[in-house]
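Colleague: What follows is the residue order along each chain.
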Amino acid sequence: MKMVAAIVRPEMFNSVRAALEADGIYGMTVTEVMGRGAQKGIALRFRGKVMPVELIPKVKIEMVVPDADVDKVIRVIRENGRTGKPGDGRIFVLPVESICRVRTDQIDPADP
Amino acid sequence: MKMVAAIVRPEMFNSVRAALEADGIYGMTVTEVMGRGAQKGIALRFRGKVMPVELIPKVKIEMVVPDADVDKVIRVIRENGRTGKPGDGRIFVLPVESICRVRTDQIDPADP
Amino acid sequence: MKMVAAIVRPEMFNSVRAALEADGIYGMTVTEVMGRGAQKGIALRFRGKVMPVELIPKVKIEMVVPDADVDKVIRVIRENGRTGKPGDGRIFVLPVESICRVRTDQIDPADP
Amino acid sequence: MVDSGDTAFILICTAMVMLMTPGVGLFYGGLVRRKNLISMIALAFIAFALVSIQWVLCGYSLAFGTDIHGLIGSLEYAFLQGVGMGGDGIPDLLFAAFQMVFAGLALAIVTSGVAERIKISSFVVFGLLWTTLVYDPLAHWAWGGGWAAQLGALDFAGGTVVHISSGFSALALALVIGKRLGFGGHGMEPNNIPLALLGGALLWFGWFGFNAGSALAADGLAANAFIVTNVAAAAGALAWLCAAWVRGRPGSLGMISGAIAGLVAITPAAGFVGPMAAIPIGAVAGLVCYGALLFRVRRGLDESLDAWAIHGMGGIFGALATGMFAVAAIGGVNGLFYGNPEQLLIQVVDAVVVVAYSFGVTFAIAKAVDAVMGLRVTEEEEYVGLDIAQHGESVRV
Amino acid sequence: MVDSGDTAFILICTAMVMLMTPGVGLFYGGLVRRKNLISMIALAFIAFALVSIQWVLCGYSLAFGTDIHGLIGSLEYAFLQGVGMGGDGIPDLLFAAFQMVFAGLALAIVTSGVAERIKISSFVVFGLLWTTLVYDPLAHWAWGGGWAAQLGALDFAGGTVVHISSGFSALALALVIGKRLGFGGHGMEPNNIPLALLGGALLWFGWFGFNAGSALAADGLAANAFIVTNVAAAAGALAWLCAAWVRGRPGSLGMISGAIAGLVAITPAAGFVGPMAAIPIGAVAGLVCYGALLFRVRRGLDESLDAWAIHGMGGIFGALATGMFAVAAIGGVNGLFYGNPEQLLIQVVDAVVVVAYSFGVTFAIAKAVDAVMGLRVTEEEEYVGLDIAQHGESVRV
Amino acid sequence: MVDSGDTAFILICTAMVMLMTPGVGLFYGGLVRRKNLISMIALAFIAFALVSIQWVLCGYSLAFGTDIHGLIGSLEYAFLQGVGMGGDGIPDLLFAAFQMVFAGLALAIVTSGVAERIKISSFVVFGLLWTTLVYDPLAHWAWGGGWAAQLGALDFAGGTVVHISSGFSALALALVIGKRLGFGGHGMEPNNIPLALLGGALLWFGWFGFNAGSALAADGLAANAFIVTNVAAAAGALAWLCAAWVRGRPGSLGMISGAIAGLVAITPAAGFVGPMAAIPIGAVAGLVCYGALLFRVRRGLDESLDAWAIHGMGGIFGALATGMFAVAAIGGVNGLFYGNPEQLLIQVVDAVVVVAYSFGVTFAIAKAVDAVMGLRVTEEEEYVGLDIAQHGESVRV
Ligand SMILES: Nc1ncnc2c1ncn2[C@@H]1O[C@H](COP(=O)(O)OP(=O)(O)O)[C@@H](O)[C@H]1O
Ligand SMILES: Nc1ncnc2c1ncn2[C@@H]1O[C@H](COP(=O)(O)OP(=O)(O)O)[C@@H](O)[C@H]1O
Ligand SMILES: Nc1ncnc2c1ncn2[C@@H]1O[C@H](COP(=O)(O)OP(=O)(O)O)[C@@H](O)[C@H]1O
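Chains as they are written, first to last, in our numbering: chain A, 4 to 115; chain B, 4 to 115; chain C, 4 to 115; chain D, 34 to 430; chain E, 34 to 430; chain F, 34 to 430.
Chain A with its partners taken away, still in its complex shape:
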């Protein structure tokens, strides 16, 4: 099992989500985050103090999938989350040691 964690543009999230569903990837956990990456920083000023706040809203999608699906998931995210401009995001793959449901007692690594 792997956890694929993708940071994507909020605007592209819905097409990514729909495309994953079309490809049979259903389970996901989504978080609204702020991120900075390649884009240049922007310096802000509030009530007389400089505050460099160059964090921009992003959406983080976490999907735990069988090893075999990792490449497919990455491909789908890239194809549907891409605008070609800086800020499209990153995908990280992390190892997962085990996985289970809360609802039932069986630990079922084959059914994420």
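Just so you know, the hints here were simulated from the structure itself, not pulled from any lab data.
Just so you know, not all the hints are guaranteed correct.
To give a feel for the contact side, a few chain C residues facing chain A, derived at Cβ under 10 Å [to be verified]:
| no. | residue |
| --- | --- |
| 1 | E24 |
| 2 | G30 |
| 3 | T32 |
| 4 | T34 |
| 5 | M37 |
| 6 | K63 |
| 7 | E65 |
| 8 | V67 |
| 9 | K75 |
| 10 | R85 |
| 11 | G87 |
| 12 | R104 |
Positions of the beta carbon are idealized from the N, C-alpha and C atoms, including for glycine.
We have chain A already, so just place chains B, C, D, E and F with the ligands on it with the hints.
Modeller: Only chains B, C, D, E and F with the ligands this time, still in chain A's reference frame:
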């Protein structure tokens, strides 16, 4: 050290939290997330456009615990986060390579 | 590649962020979270029911960095996120198997 | 003759009372779980829109048409025919508008009892029946020349008509629709306390229109109603705050609930008591409603947002307090404390009848709607939340 | 002679209409993406502040100075000279203030067309030109003794002046500035529906001041305007809700959009039709505007927050409806349905001219500003969002 | 004789000023860190509730009872005895209510100085002492026939009484309670700018009641006060916006702070100057207060939400501006620019005394409360935030 990441119902969070505390598991980081899992998707419509938004509010609990505690933590979450209905959530266990406090300089893998 | 996940005080986030930038660590994903750690719990009461809610706002910073940078990142966070009081936070290091951009097709493990 | 000052006052008061309905929506919306926030606000708007139409079609006439046996008004003003731009003090049309916003608000309060689980289509049907069969008769009894008015029951601004009725109707509805899934076990913390406080602020603001406007003139009586309203709200807020403090921490929701309790209790009394009486009325109302809330929680009743505890019980207390504290120098009638125990008796009779009628008829309507079309969403819809399930919308994290 | 009741009424109405401008800001702010929420609210405030200053310097005089060829007012009242504390019914200064808040609101509505992509410096320049060259003449035509008034066109509270003009100006502006990056493909869900509903509630509340206040007196006509305003809003809300229900789920944003559609449509008619006419006017407006919105989306037009669909098209429908439903018993003029087809013709002429003028002149102003200083932020700024890029602020997650 | 128009006006103005108190709460709540959001809103409500009770018990009488040596009123109106439904123009009870909401607002503004660190029990004690020992005498001096009124100092709507006093009291309080943990080093960004803007919008709205209502009649003077209020707010907003633009980006919080600065400065002047004078008054106030804020930040003073910079310094500037711009044609008195330099002198004396008195007495009260029960929460409580520590509630992420 492992990171146990559990996605649970918002309504069950407080009992899970209390039960973990009772069992001596204190440190945790909690995030409000949206998730989809086994439940069927729901198609929405806003101002003329179809928007399938089947994400539902969930709570993510991340706990870094010694290897020996993983099973206990999973058991406690399941016993206290369960309603038996779809949507009860998932628990993922990820490997953690090292851990340290911000407050002190000693890197103390035995004290998460 | 490693993912360094740091939980810090919201008040210290900006200095941590600026210091990381000064040290050339640019990419990061930030989440507002609630956490509990060493601090003692606080029991609350709302409309007649006791509700122990001892979760406190924290900021989670996730940075995926080359193995060689991990120690530097940890040092910077500690030096700039520290107040010396309980609640300064934790840093966890998780292994990352692979990483890629959404924008381009090349999978580039050397460029987080 | 229409007086421009009085008309100006009631026009604005009507707008202020209108604002109370979204105020209730925001207050309730802040108290439920995030997945039902939009639903609560939407229910308030829908309640208001439905009643606005029903009122001009027939509601006004049922309430204020020529009295029929003390029970209901005739249909002579249906479609507002014969309700014109002239009038005595204020235009007749304005009086109809002022009464309309009260009716809309009452239905919005009732949504407390079905929070997070009502089917929107059923709410539409229930709402139309409720405003026609419960609210309109009650308004007639108190202000349209019905039996309560004939008996001499005092209800300056709607303590029985709006508050007792909506509070006990919410209770009846809650009993019919049943508890929320997981009620008691699951955590159901308020999702947005600042929003609830904002809603409370709009209620407090609008209540000046509600109570002072009920003088139907910009005069000394309105001024009296205005100041007693504020004093009772303040006393209620502080009393509940202190009571909660004794038991734990003084929460802001307790404070605002206490303010609303004080406002409810002073509503029937606002034109009959002075500022010094408003202090005990507001303070005791805060304590009574806090006690009622604790009682409800202990009994495991899921009248979810406490319309019963605050509007229902606060309304009863207010009706009785009016019968005790009323002083002839202000509103022309003395109460128990000024040597007229009979007035208290009349208030008791009025309150008891209104409690019984509104609880009973609402129970019957709810049962009927439930039998015909089902009041409640499916378990799955309740799980995903009414925002998505009923409205196809959601509040972002 | 100044009448204290009328003056009291218009003073408060002016404050209520002022509150509509932040209401528009909150409504729009809730509908855009999170990264532009502050920007939308700020634009509303800036629009209001700019117009407030322009109005006392010259705007009032251009609109209400002595008529020049039916087209514009003279500069005799520039700097409000000669506008004093006395007056007929209400003080002249109060009339100027009441009209000022209308002008401010109109510019705030126009920001719909440039949401999430306007450069703030260009908006300041555009806004000053627009209020001077578009709004002030239109106000003169309808209320300052211009050609439309001479022709007998009916616009009680600003259906053409405020709503048609701002709606079609938003459309022109949207065409000049171009679509948002990714429009059509990217998801652009509203970031905060409760905030939008709160904004809508403030609009509904303020609209009572807008329409009833346009009677310029606290009298029966104001009362009529008040109640028809509420009835039309309710009918519009329910009509759009039902239409959306037929196509899917009844969203709360559809409901509040329908209410605004009803409010827009009743605006020109409020002093000429009665409560029963307000039901079809409001309901049909809800359907017309919903249809216009669907049309806009289908055509891929990025008039982002639907000022055109709701204010523009709702305003046209309202102008025509006034020509149909007007009845002499209320406002002294009959419409088509009461045997005076000519009135409808006048309304058509008025609406057509206002559509053409506001669209055309706004298009020209926008082109000019774009050529001189650029209307739009850079692509990078649009990506990070105007909150950070233009204001240096951001809404926390 | 009570006039219905005047009474209608002041009744509604009183409600509008009441709404300013939650407005301050929302404004302040949006500016602090998320963990103290509820606390700031709750403090505003608590301030208002406390003062509401204190006012009817003794505050009104201390301020408006028969003058004692120009310093304080007698207790003849304690418990509002002798304050009735009759009156001259407006009912006496209404005058008491109108003044009450000013007193409540003033205490709410003061909470700026103790934001995110005050113990709620100590605030209750401090608040009661402050309103009795600071606010009531000041109100007496200016409006109750005290020495300032006798001297001829002009304060139309409370520039010295409400704004100078609350601003300098906040400063004194901030000095006694000390800086927030980590002030200077730690980031303390505003948690919810849209909420702050909403609060600002409610302040702007309510301020019409505050200033125009201070005419105590619905007449030309009220109309003048109304329009100058709006013009000054707009000018202040634009001036601060531009100044911030020069130094960086034009933030929305600067804009709304500028509007409040303009509103504060026009407060004492609203009944004495015309619309053209309101432009410089508002604009310069925006610049003065922005400068004061920068000064405070540079000096490392943790008067956390800038009541001193905006209300205190804006109030001083307004008092002086009144002495300069006043023109007899409007308020019966000329200022410096119209040949009466003496008026400016009187204004200076008044401002200086009020600054000294409010700063000094507040400092003493704060020291006393601190010595007896401790003003400040523990370090641990400050860390977890007052929402949890003081109220047992929290705002969800
Ligand atoms: N090294 C990193 N660690 C964690 N998150 C990152 C890292 N680099 C980028 N991100 C996340 O990805 C988002 C997009 O990054 P960006 O560099 O703008 O994308 P792109 O490479 O497509 O231009 C950032 O906003 C941040 O949330
Ligand atoms: N494969 C997955 N990857 C990441 N998160 C998941 C995955 N599957 C489920 N989840 C998370 O768990 C939550 C509950 O899943 P669900 O399938 O409804 O639970 P259950 O299996 O108990 O019915 C989802 O809302 C989602 O947040
Ligand atoms: N075992 C853990 N697992 C996950 N998160 C933790 C753990 N321990 C602490 N945290 C996070 O770190 C934050 C700070 O912890 P705390 O113990 O207060 O810090 P410190 O050790 O510096 O006093 C907590 O609020 C929580 O979010």
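Colleague: Take the hints in turn and mark each one as holding or not.
Modeller: Going down the list of hints, with the structure as the test:
| no. | hint | verdict |
| --- | --- | --- |
| 1 | E24 | holds, 7 Å |
| 2 | G30 | holds, 5 Å |
| 3 | T32 | holds, 5 Å |
| 4 | T34 | holds, 5 Å |
| 5 | M37 | violated, 13 Å |
| 6 | K63 | holds, 9 Å |
| 7 | E65 | holds, 8 Å |
| 8 | V67 | holds, 6 Å |
| 9 | K75 | violated, 18 Å |
| 10 | R85 | violated, 21 Å |
| 11 | G87 | violated, 24 Å |
| 12 | R104 | holds, 6 Å |
Of the numbered hints listed earlier, those contradicted by the structure are 5, 9, 10, 11.
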